[in-house]
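**Q** Here's the letter readout for the chains.
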Amino acid sequence: MAKIFAGLSTSHVPAVGVALDLGKTQQPYWQPVFKGYEFAKEWIRHARPDVVILVFNDHATAFSLQMIPTFALGCAAEFKSADEGWGPRPVPVVKGHPELAAHLAQSLILDEFDMTIVNEMDVDHGLTVPLSLVYGQPEAWPCKVIPLAVNVVQYPAPTGNRCLNLGRALRRAVESYPEDLRVMVWGTGGMSHQLQGPRAGLINREFDLRFMDLLVNDPERAAAISHLEYLREAGSEGIELVMWLIMRGALSNEVHELHRFYHVPASNTAIGHLVLENKGN
Amino acid sequence: MREPHDYDDIPGTTVFDAERSRQGYHLNQFCMSLMKPENRERFRANEAAYLAEWPMSEEQRQAVLRRDWNGMIALGGNIYFLAKLFLSDGKSFQQVAAIMTGSTQEAYAQMMLDGGRPAEGNRYLSDWKNRG
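First to last, the protein sequences are chains A and B.
Counting the first sequence from 1 gives a position; my numbering is that position plus 751.
Counting the second sequence from 1 gives a position; my numbering is that position plus 2.
For the record, the hints were derived by calculation from the structure and aren't laboratory data.
This one's a predicted model, so the numbers in the text were calculated from it and none came from an experiment.
Any given hint might turn out to be false.
[Unchecked claim] Cross-link-like lysine to aspartate or glutamate pairs, in silico, EDC-like; alpha carbons within 16 Å at most:
hint : chain 1 : residue 1 : chain 2 : residue 2
1    : B       : K131      : B       : D11
2    : B       : K131      : A       : E890
3    : B       : K93       : B       : D70
4    : B       : K38       : A       : E890
5    : A       : K831      : A       : E890
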């Protein structure tokens, strides 16, 4: 039987990918950012997931305004690194797990989560930056990846509660797959940031740290945070944090917090990162 | 006429909702077209002519030509779509953020290094009433 045993969350700032690709990780500005991921890099070598379900958002790359799926599951055999206008990131092709993805789509839809099924998609920094932060710069990604894209570009994003419940459904779906697979769920995006308008640059450390506390210990309360509160307190792009709740919902009620990292700034954004493991693994 | 929303009283913030998405559809799809190198070339060669091919308002076209980022956002532009335009201009997210806040890039970068713009004093329109 397949099993979800751990999860992690991380911001997916595009400038982090650029810093990594241009070999700037030791520069004073970036060095503290990459240091925050040393734990995860070491941990993942032992945790060795077969499959990562990677929750991210597309940034007007694969999806324009032509179609705006709220939840889209990548069911393809592979996903290329997208050209976001400055050339594709020089990272390995992302290999999917079409059999598990098809099972997840079927199970989730029957569980009343109406996923959009995506059979062709290039993936942007939202998906590849987290892989780079955790796995560095390998020749090939060491795990299969099932992309789960969430609309957070056009308001409203799905509610936090919906995301938490989707995570729970994801867990049921994974656990009904017959093959023995070690599965991890990653939730990406956030933390507080606003990229637009005269209030751009907003950062709210208190909100972010409280969000991490609630996510770990009281996910129902984290799921009850309203869209208005995200917008006002965490900035217009801080609403990406709902994606962390999908990861949390996929884990057991009680989790071990193995690692926490928080740093301001990376470009316009507060970087946050958690590594969580189910209790009783 | 726009419906009132609970998020209308957040200062300096334009929430890209369904109504704005409808208003900005062609503006944003024009930006999206700049993902293709051949379109970028044609746009650079004659911006006004390229814009004329898109069924957007004259106000939207003028905002693009002036690179009036806040203006484009007010007319339904979304920052991730506008990014296609400013990145093809050779500008970064941080440079454009600085412009939108009326700051210099140096001052904006320093504000971020100092912990960013605090939520305190930036939550409600009334917080900004007495700003110069």
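**Q** Does each hint hold? Answer for all of them.
**A** Cross-check of the supplied hints:
A hinted pair counts as satisfied when its Cα atoms are at most 16 Å apart, and K131/B with D11/B qualifies at roughly 12 Å. For the proposed pair K131/B and E890/A, the alpha carbon gap of about 55 Å is over 16 Å, so the pair is violated. For a cut-off of 16 Å, the pair hint linking K93/B to D70/B stands: about 14 Å separates their Cα positions. As the CA atoms of K38/B and E890/A are separated by approximately 28 Å, the hinted pair breaks the 16 Å bound.
Taking the CA atoms of K831/A and E890/A, the gap is near 14 Å; set against the 16 Å cutoff, the hint holds.
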